[in-house]
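*Asks:* Just need the whole structure built from these sequences, with the hints factored in.
Our numbering applies: residue 590 is where the sequence shown begins, and numbers increase by one.
Any given hint could be a false lead.
To be verified - Between beta-carbon pairs, the in silico distance windows are:
1. R760 <-> R737: 21 to 27 angstroms
2. D606 <-> T745: 48 to 54 angstroms
3. R737 <-> F829: 34 to 40 angstroms
4. E785 <-> G744: 25 to 31 angstroms
5. K735 <-> R685: 37 to 43 angstroms
6. S774 <-> E732: 17 to 23 angstroms
7. K710 <-> T657: 37 to 43 angstroms
8. I781 <-> A624: 37 to 43 angstroms
9. W603 <-> Q748: 42 to 48 angstroms
10. K827 <-> S736: 27 to 33 angstroms
11. A624 <-> K802: 35 to 41 angstroms
The hints are simulated quantities; they were obtained by calculation from the structure and are not laboratory data. For each residue, glycine too, the CB sits at the ideal point set by N, CA and C.
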Amino acid sequence: MEFPWGRVEAYAVWPPDRGHPPEKRYPAILLLHGADARAQRFRRAMLDHVHDGFVLMSISLPGFGASTGPEDFAGPKSVQATLGAVRYLTSNEGVRKDGIFVYGIGQGATAAALAAERGAKISGLILENGFYDLEKTYAFLSEKQKSRIHALLGGTPAQKEDAYRERSPIRMAGKVKAAVLLLHSQGGPYPIGGAEGFLKVIVENGGSAELQKIKNQGPFESLTHPNIAKWVIPFVWKIFKTR
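*Replies:* In structure tokens:
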């Protein structure tokens, strides 16, 4: 995908029994990776679940994979890339317009939430271990993570308040219209309070959100993405059944 500031690597797969629109339209799931990953990280899972009747698409956020850098940690370019991917799916005749979902992990979850707050046509969000209030989460980061964010954002929350706030979806959570499933790893490095606070704001503003505690994943699981089968796809079908 092309943007004024550069290119975004994208990868998409379609069901093998793909028909001709408008007779055949499929729900779509956009996959957004976390740190130290890229679009191709989802390839195995995408090829598995395309047989479940979904269009699956993944992108490499700015600064990852073959996407133009630098990384901006769920900043404006990451949000633009996410919005661009959603627009691509929305404009495709083979995709259900009421069936676009986004599954994000880590900073990918943050970018997905921020895109939804900006009016993206998303029916559902599945957000795993996202950063919902980066200012508060900062205190729980490892020294390595803090150093990385310092380099990306130019300082601490006290030094770069605006940069941290614009990457904190909790500030505009009331604008989320999509149904939301929050996944939080038990025993993970970040407290569950961030997810609970994000959920609370959504619900108080008339939105739909739920929170599930999940187990931490090992190295192999991070490659196969079992949470797509366990949580993402069931949530998608659950949303469709309510319509």
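*Asks:* Confirm or reject each hint.
*Replies:* Results for each hint:
1. R760 <-> R737: 21 to 27 angstroms: At 22 angstroms between Cβs, range holds.
2. D606 <-> T745: 48 to 54 angstroms: holds (52 angstroms)
3. R737 <-> F829: 34 to 40 angstroms: holds (39 angstroms)
4. E785 <-> G744: 25 to 31 angstroms: holds (28 angstroms)
5. K735 <-> R685: 37 to 43 angstroms: Given about 42 angstroms between the Cβ atoms, the range holds.
6. S774 <-> E732: 17 to 23 angstroms: Holds - the Cβ-Cβ distance for S774 and E732, about 20 angstroms, lies within 17 to 23 angstroms.
7. K710 <-> T657: 37 to 43 angstroms: violated (25 angstroms)
8. I781 <-> A624: 37 to 43 angstroms: With a Cβ separation near 20 angstroms, I781 and A624 fall outside 37 to 43 angstroms, so the hint is violated.
9. W603 <-> Q748: 42 to 48 angstroms: holds (46 angstroms)
10. K827 <-> S736: 27 to 33 angstroms: Once the Cβ atoms are compared, 40 angstroms apart, the range 27 to 33 angstroms for S736 and K827 is violated.
11. A624 <-> K802: 35 to 41 angstroms: violated (21 angstroms)
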